[in-house]
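Model the full assembly from the supplied sequences, consistent with the hints where possible.
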Amino acid sequence: MMFKKIVGSLLLLLPGLLLQAQLKLPALCSNGMVLQSHQAVPVWGWASSGSRVKVEFKGHSYASKAGADGRWTIALPALAPGGPYEMKITSGKEAIILKDILVGEVWVCSGQSNMEHDLTSVTEKYPSLLADSSYPRIRQFKVPTAYNFKKPEISYQSGSWLAATHENIGSFTAVGFFFARRLHQQTREAVGIINISLGGSPIEAWLPEAVVKKYPKDNNILQKYKSDSLIAAIEKNDQTKAAAWGKALNDKDQGERQGWQQISINSPEIKNWATMSVPGYWADQGLGYMNGVVWLKKKVVLQQITEKTVRLVLGRMVDADSVFVNGSYVGNTTYLYPRRRYDFSGDLLKPGINTITIRLVNQSGKGGFVPDKPYALVLGKDTVSLAGRWKYKVGGVVEPAPGQTFIRWGPAGLYNAMLAPAFSYAVKGFIWYQGESNADNASEYGGKLTALLEAVRQGWGHQYLPFLVVQLPNFMQQSFDPNKYSGWAKLRQQQQTILQYPRTDMAVTIDLGEWNDVHPYNKRPVGERLFMLAEDMCYGGQNQNAPVFSPMHHSPIADKATCQGDTVYIEFKPDQLLQIRTGDQKLRRFALAGADGKYKWATAGIQANGKTVWVYSQNIKNPKVVRYAWSDNPISANLENKAGLPAAPFELQVTH
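According to mature numbering (1 follows the signal peptide of the UniProt record, and there is no 0), the sequence shown holds residues -20 to -1, 1 to 636 in order.
Treat the hints loosely; a few may be bogus.
As the list claims (entries may be wrong) - When the alpha-carbon atoms are kept at most 30 Å apart in a straight line, the in silico DSBU-like pairs for lysine-lysine are as follows:
| no. | residue 1 | residue 2 |
| --- | --- | --- |
| 1 | Lys580 | Lys622 |
| 2 | Lys553 | Lys601 |
| 3 | Lys591 | Lys604 |
| 4 | Lys540 | Lys604 |
| 5 | Lys580 | Lys464 |
| 6 | Lys591 | Lys601 |
| 7 | Lys346 | Lys251 |
| 8 | Lys194 | Lys204 |
| 9 | Lys34 | Lys68 |
| 10 | Lys591 | Lys540 |
| 11 | Lys197 | Lys130 |
| 12 | Lys353 | Lys371 |
| 13 | Lys622 | Lys566 |
| 14 | Lys371 | Lys470 |
| 15 | Lys578 | Lys464 |
| 16 | Lys578 | Lys566 |
| 17 | Lys346 | Lys105 |
| 18 | Lys371 | Lys251 |
| 19 | Lys251 | Lys470 |
| 20 | Lys206 | Lys131 |
| 21 | Lys34 | Lys4 |
| 22 | Lys216 | Lys204 |
| 23 | Lys131 | Lys193 |
| 24 | Lys373 | Lys346 |
| 25 | Lys193 | Lys216 |
| 26 | Lys204 | Lys288 |
| 27 | Lys373 | Lys464 |
| 28 | Lys371 | Lys361 |
| 29 | Lys540 | Lys601 |
| 30 | Lys73 | Lys34 |
| 31 | Lys553 | Lys591 |
| 32 | Lys131 | Lys73 |
| 33 | Lys45 | Lys130 |
| 34 | Lys227 | Lys371 |
| 35 | Lys227 | Lys346 |
| 36 | Lys330 | Lys251 |
None of these hints come from the bench; they were simulated from the model. If you're wondering where the values come from, they're calculated on a predicted model, not measured in any experiment.
Given below as structure tokens:
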């Protein structure tokens, strides 16, 4: 009894004891961290004002003194790759011991959803990777989502370093992992990824306030968002409107009230349901741009079911779905972007006729099933197609869903809360994959990307910090109109402006996208193309400061266009041999415009020197502008280098 009283008294005292603890470290400086090799490495934290702090690492001791604000910093000398090591930090009677520390290469991977998408999201593309792989010397620190519109933060509220073991690898940024794996394989060193990404975020969210102030529209939003009460009011209003819309939807949904998920496909009442083709949008099948609920049913006839776990593969749906098998709920997704994959017990199926039911909610626009995606029931090695005719009935019709305000995407908010706290951590370079959210206002992007470059280099105190950009891939329906406006093409051109600055480069991915998915599966070649750029910039030679440059690692970038007669000649950089994509006979997707600005498709070819492209159209006299692959989805563009890397899309003024 006395023991219990003593323990209870200690537990009551524990909060006070914790409050007295003054020695603290940022979340980045924690167990399992990867420290950058071959350069000074800051270690920092907080202690009692004026107290002495000591760091012991690899048999050496380093000391500092906490300032008036309690912050201290100790710069470790340049470290050779290796580990694992322990680090001991002491201040007075307090001590912190960090374990499993590696020294190697550290890269920041930042941007929006295509950088954030993890390996789990591309499991079907790389199934063996998650099942069999373990890379304990590749590690990731995933920065928690946060925003601050008032000032830069000095530390993250949470976060930890995770090794790419079987248990953790699925949470790694897919692009970042494939980059890190190639880097690890090449250097045999540990690789750390600081994953600073957030889906949907525009570039202005990642810019400092000093830059945002140069853009009146962005600055107006930023100044408003400095009011906590305004943000709270906006969020409350959004929640109220969303709840009201959801209630109206459910109230009108007769299927929800009557339990249509329980109805078998063989029930007599199903005969009165209409039919629809899946995949396909219901606007194209007689329903128009209807907002509300549609219930759909599909008959699946099976023989024997032996699998313990079965998977429904349902492509992508617009917008939200709930799925049932023989009346039993098996999964749901609340928005349009994720791929639908629902695993469930094989016990829910039976020999003979089975019923798959989908309750599909369209919030606004064009609802339905995204074409050219897989729709199937997977039973082990057997696959039953679910494409074809489905029975359907409208459950209820409502007004379009109210728009939501994504506060976290506001200008400067992510720079302050997610990017700035990493500036004290030593890194090798910075990778940026973003732009989709800025395609509607592409004209400003080049200036903002340049400002981001400057902010990143200033933040890390490195004038020539390597900065790599992923150019946007192909996306959306193909267009064969050379005059059609393309925000994506314009943004790709804006992304190239970064190349005028030293130690920058761009991975071209115009061949890696999917017309019907803003989040393409093919993440491995994106990461590996980034690695090839980093290899040339940082790792090509024994001396990392004097790497070997290989033109074959770089996509051709149009440099200048000159005219002789009515034929335009285009030169590219870096200097390398060009080719037409294997299997094609002639170059495609070149267009010329004269003084009237009207574009016409043109013929093109590669000069005998193998390095220059000529472009000609009998319909254009005295050409003024030449374009290549200038559309949202120029999938048939086929100019590349001898290594098969695609040439970047471009628009160039012609010099006479």
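Results for each hint:
{"no.": "1", "hint": "Lys580 <-> Lys622", "verdict": "holds (28 Å)"}
{"no.": "2", "hint": "Lys553 <-> Lys601", "verdict": "holds (27 Å)"}
{"no.": "3", "hint": "Lys591 <-> Lys604", "verdict": "holds (22 Å)"}
{"no.": "4", "hint": "Lys540 <-> Lys604", "verdict": "holds (12 Å)"}
{"no.": "5", "hint": "Lys580 <-> Lys464", "verdict": "holds (11 Å)"}
{"no.": "6", "hint": "Lys591 <-> Lys601", "verdict": "holds (25 Å)"}
{"no.": "7", "hint": "Lys346 <-> Lys251", "verdict": "holds (26 Å)"}
{"no.": "8", "hint": "Lys194 <-> Lys204", "verdict": "holds (16 Å)"}
{"no.": "9", "hint": "Lys34 <-> Lys68", "verdict": "holds (8 Å)"}
{"no.": "10", "hint": "Lys591 <-> Lys540", "verdict": "holds (13 Å)"}
{"no.": "11", "hint": "Lys197 <-> Lys130", "verdict": "holds (17 Å)"}
{"no.": "12", "hint": "Lys353 <-> Lys371", "verdict": "holds (20 Å)"}
{"no.": "13", "hint": "Lys622 <-> Lys566", "verdict": "holds (16 Å)"}
{"no.": "14", "hint": "Lys371 <-> Lys470", "verdict": "violated (43 Å)"}
{"no.": "15", "hint": "Lys578 <-> Lys464", "verdict": "holds (10 Å)"}
{"no.": "16", "hint": "Lys578 <-> Lys566", "verdict": "holds (23 Å)"}
{"no.": "17", "hint": "Lys346 <-> Lys105", "verdict": "holds (28 Å)"}
{"no.": "18", "hint": "Lys371 <-> Lys251", "verdict": "holds (9 Å)"}
{"no.": "19", "hint": "Lys251 <-> Lys470", "verdict": "violated (51 Å)"}
{"no.": "20", "hint": "Lys206 <-> Lys131", "verdict": "holds (10 Å)"}
{"no.": "21", "hint": "Lys34 <-> Lys4", "verdict": "holds (13 Å)"}
{"no.": "22", "hint": "Lys216 <-> Lys204", "verdict": "holds (16 Å)"}
{"no.": "23", "hint": "Lys131 <-> Lys193", "verdict": "holds (14 Å)"}
{"no.": "24", "hint": "Lys373 <-> Lys346", "verdict": "holds (17 Å)"}
{"no.": "25", "hint": "Lys193 <-> Lys216", "verdict": "holds (28 Å)"}
{"no.": "26", "hint": "Lys204 <-> Lys288", "verdict": "violated (54 Å)"}
{"no.": "27", "hint": "Lys373 <-> Lys464", "verdict": "violated (38 Å)"}
{"no.": "28", "hint": "Lys371 <-> Lys361", "verdict": "holds (27 Å)"}
{"no.": "29", "hint": "Lys540 <-> Lys601", "verdict": "holds (19 Å)"}
{"no.": "30", "hint": "Lys73 <-> Lys34", "verdict": "holds (11 Å)"}
{"no.": "31", "hint": "Lys553 <-> Lys591", "verdict": "holds (9 Å)"}
{"no.": "32", "hint": "Lys131 <-> Lys73", "verdict": "violated (34 Å)"}
{"no.": "33", "hint": "Lys45 <-> Lys130", "verdict": "holds (29 Å)"}
{"no.": "34", "hint": "Lys227 <-> Lys371", "verdict": "holds (26 Å)"}
{"no.": "35", "hint": "Lys227 <-> Lys346", "verdict": "holds (21 Å)"}
{"no.": "36", "hint": "Lys330 <-> Lys251", "verdict": "holds (22 Å)"}
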